Every structure is written in structure tokens, then in C-alpha cells.
Amino acid sequence: MSDNHKLRVALVYLVISGWLTATLIMQTSMATPLSTPSLDDIEYPEGEPPTEAEVYLGKLLFFDERLSGNRQMSCATCHNPDMGFSDGLKVSLGNDDKPLSRHTPSLYNLAWGSSFFADGRVSTLEHQVLMPIFSSDEMNLSKQTLLDRLNSEKLYQQRFKQVYDIETIDTQHISQAFSAFLRSIIAINSPYDQYLKGNQFAISKEAISGLKLFTGKANCIRCHDGPNFTDDSFHSLGIATIDKGKGVIDNDASMNFRFKTPTLRNITLTAPYMHNGSIADLESVIHFYNRGGGSGPNKDSLIQPLNLSDVEIRNLLTFLATLTDPILIERPRLPELYQAKITTISGENK
Amino acid sequence: MKLTLASCFNRLILVATISVSAQINATTIKGTITFVKKPPLVGIAYIPIADISPTQETVVIDQIDKQFTTNMAVISSGGEVTFKNSDNVEHNVFANDAKQSAKFDVGLMQPGGEKKIKVDWQQNSIVRVGCKIHPKMRTYLSTINTPFHRIIEFEKGQQQYQFSLNQIPDNADIFSFKIPKYDAVNIDLLTGSSWEVDITKNGKIRGHITIIKE
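The listed protein sequences correspond, in order, to chains X and L. Residues 1266 to 1615 (my numbering) are what the first sequence spells out, left to right. Residues 6 to 219 (my numbering) are what the second sequence spells out, left to right.
Rather than coming from a laboratory, the hints here were simulated on the basis of the structure. All values derive from a computational prediction rather than experimental measurement. Even for Gly, the Cβ is constructed at its ideal location relative to N, Cα and C. Hints are not guaranteed to be accurate.
Only part of the chain L face toward chain X is listed, based on derived beta-carbon distances under 7 Å [stated by the list, open to error]:
| no. | residue |
| --- | --- |
| 1 | ASN76 |
| 2 | ARG133 |
| 3 | ILE138 |
| 4 | PRO140 |
| 5 | ARG143 |
| 6 | LEU195 |
Pair ranges (Cβ atoms, derived) [as the list claims (entries may be wrong)]:
| no. | chain 1 | residue 1 | chain 2 | residue 2 | range |
| --- | --- | --- | --- | --- | --- |
| 7 | L | ASP188 | X | SER1401 | 36 to 42 Å |
| 8 | X | ASP1306 | L | GLN115 | 27 to 33 Å |
| 9 | L | SER82 | X | PRO1562 | 55 to 61 Å |
Calculated pairs, BS3-like style, for lysine-lysine (alpha carbon to alpha carbon, straight line, at most 27 Å) [to be verified]:
| no. | chain 1 | residue 1 | chain 2 | residue 2 |
| --- | --- | --- | --- | --- |
| 10 | L | LYS186 | L | LYS206 |
| 11 | L | LYS209 | X | LYS1426 |
| 12 | X | LYS1426 | L | LYS206 |
| 13 | L | LYS43 | L | LYS89 |
| 14 | L | LYS141 | L | LYS43 |
| 15 | X | LYS1564 | L | LYS89 |
| 16 | L | LYS141 | X | LYS1564 |
| 17 | L | LYS218 | X | LYS1462 |
| 18 | L | LYS120 | L | LYS108 |
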């Protein structure tokens, strides 16, 4: 084959695969395109992104074990960056290692989120971030102790003064700093995103077949659409039988057993799956959907048997793996946190 | 057609009414809205009218592709809103705005469903309406009772917008501009003929609005 001919074949391949991608991504009329999340679409409460100093302050808090009653847990204990900002456990371990009732959700791309917690009980990150700290089942720290601990620490006094120009640390600014850090955990450069940018070789043929299934036969796109592969909607998959999820929050029986549709970005990093961690691996999740979900109450009519073959299940898995973009988080410098810990403990012992 | 005395008299009244209206409705307000950065979803510019009896109109809002068909609708207190579901997934439309005393929940709406609600909350408010199942869905009901209003839908990537309010009464004294969650803009129309005012959210400047009375 001459060089010219090879070039022509390559061009035809690129045009066809580009057209195929566009068709697949837009295929379902009701779906928001499976695009790369745009930083311009983030709704920052202050209207503009936080400063680096604010994000770093949030990171310090995120890794600080003194934000739990017994000084044994930080946010990163359950939302471990090295484990997909989750913990690999079926359900989270709370205060004094007591198991909670739900699986730890990952924290990727919360910047675009519209509701938080598996039951969607709050609509802003600022509202959400302090709730696990104050929960007696989780980090079990009182508001007053939190404020006492942070206000008595020079490191935090200086940093809150630098970032917010405040003399006394309050919960509003703690929550703001946390949220700034959480909004910085952004995964938008997966192989799939590179594929969208025009690198036709970023994902395999099997993954493209998986994408076709995702938007077609497997019907995933009905809920997992949009740039973050979720519409944040609430559905019952027939899994829950006791935990009524959003029904409790809304005090509405029609919402019973419904839980939030999670993002699929970095989904391969965050096993086990479902709100209660009841499915151990991603392949089992697809088999679960293939069977038509569970038999629990109030199951959504969207959940129907899919009749996917083993090859199709494998292709779907291959596609989901292309949504992986691990985020490396450099932990705060140890001496800074360690020094802070020593100072506060000795201060409180006086 | 046979003209009777009564019909002549009626025509005379009609002509007189139109001519008085023409005299009163002589003013136009032209405006430009400029956002410093990303624009919000929607806003409304209007002239409040104090002495006008509430109308009992009906507004229809549909749901298609997991979105409401409009970002904002104007409805008077006492009117009715019909929500339709033309999607092929279920929805659950609700509002819960304690500040405006606006609370309703139509319950689950299957595809093809239709539910009506009565607007029984206070006048001059903007109430957010959402879907319990799809929290990203939102529309706003603006309960103002004036024919002189303009809803302005903003778009990503466009920072400047123009609008006009036509045939407004000469004696109109207030111009209002509201964006959900933003600070309200109220301009006294009796002092001057052009104005430029900051658009703010929690006191922070997000843009400017310029209006000219012609």
C-alpha cells in the first residue's frame, strides 16, 4: 500500500470514527451529551474559583484527625485519596470503628454536584461538609470543640486570617475552606476525554462498542448522562429494603428506597458499589442490571432486564474503564499538621 | 350593517378609550444587561402596577428531556399552573419556599401525566420549582401582576443582553429587575431619564443594568 493510500485510509477512519462518536454521544434524545465537564459550568458560591491558599487550607482540614472527637479520624480516613476517595469497605466505619449503614461515596467532581449524600439531603457542599464531623455516629465532634481546637491553634489562626481576614475562626469559614478543597478534586482527563478531544486511539474498539451499548441497549444513559455520567437523579434499583433513603428526607413514601445516581467517572477505583456497598465489583454490577435489578420495594420502572451477552458485558466494562483519571493528592506537609497536633493536645491538657 | 344610536355611542367610547390609552401608554424603556462573568439562568424586568385587579390566568409548563420547557413563567397569585410530563421518565414537581409561603408537591408524575396547582402564595415573589427525582431541574414562578414585564433567559457564553418594555404608562414610577438569588434592582423612574445600576448577589457586583426611558 502506498503512503498516499495509507493516509487516505487513515483519514477515512478518523472521519468515520468521529461521526460514530458524535452519533453515540448524542444518540438518546433526552440525554445530556457525555462530554468533558467544563470548568466554566462550576457554580462557585462566590462567583469565582477559590484561591490556592483557600484550597490548601481546606486540604489541611481534610487531613486533620483532630476534627474527630477521638482524634483518630480525618475526612481522609474514609475518603482516602489513594482508594478513589473512598475506603474499599462495604460500609463506612464511624466513630470508634462502628459500622455505618452506607458505603462511603467518592468525591470526584463534586464541583458540579446538585445534591449531596446518598439520600440528597442537602443541596450545597457548604452545607454538607460539616455534617459528618458533627454526627455522633461518624466523627463525633461537637461544634464548640471544633471551634475551640481550631481557634487555639496558631497554624489555623494564621491561615484563616490570611485567607479570610478573620480573627476568630467560625463554622461558616471552615465550611467554605472544606468546600474549596473538595471542588478542586476534578477528574476531566480520562482516556474517554482524550478520545472526545480527537485522539481516536485513546480508547479501544471494544470500549467504543461499550459506549454504543451504554447509550443504547444497556440503557445506562437514561440516568448516567451528562459530563459527569450522572443526572443526580434518585431511583430505587430494588436493592434497599430497610434504608428508605430519599423517602425519609422528603417524608414522602413515593420516594422511599431511592438513592442518588453516582458519577461513573473513576468508577473502577471505588469498589464496592451501590449505596450500601452490597455489590463487590463492577462486573457484578452489570450482571445485576442485566438481570433487571433487585427485588426490593418501589423499584423503578426504568430497571428492566437487558439481555446483554458476556461479550457485551465485557465491552461495557471496558468502556467504563476509559472513564478513569486518578487524581494524585499531595498530602499536607507532615510537620505542619504534626506540629499543630502536638500544640493543641498540650494546650488542651493544661 | 345598521348603525344604531347605542352602537355609535359604544364606538365613541372605544375611540375615546384608545386615545386616552395612547396618551398614557407612551413610554418605552430600553435596557442593557451586562454580566461581568458567567450569567445566571434567567431574570425578569417589569413595571409594578399598584392598582390592577389580579387576573386568573393559567400557565402551562411541560417537562421534556429532564428539563422544564421554560426557565421562568409569570403568574398572578390566584392563578393556576399546569405541569405536564412529556418525558418518558417519571417526575415529581415541587416547591418549598417558606419565605414566600409557597409549598406544593404534585406527587409522582408518570410519563404523559398532568397536574395543576393553585398559586396561593404571596404576590411579588419568585419561587423556585424543582423535581424531587431530578434535582438539576429548575424553573421559577414569578408572581407579579403587571402586563409590563419581560423575561430574559441568559445563555452560557453571552454576557450582554438587551430588552425593552413597551407602552408602559407615563406615570410609572418604579422599574424592577430580579434574578433568583440575586439582590433586587429597583429604580425610581421619576428622577431622570437614564440610569445605570450594579447587579449584585449578596452584595457582590455581578454585572450592570442600564435603562433609558424614551
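Exercise. Which hints, by number, does the structure contradict?
Worked result: 1, 2, 5, 6, 9, 13 and 17
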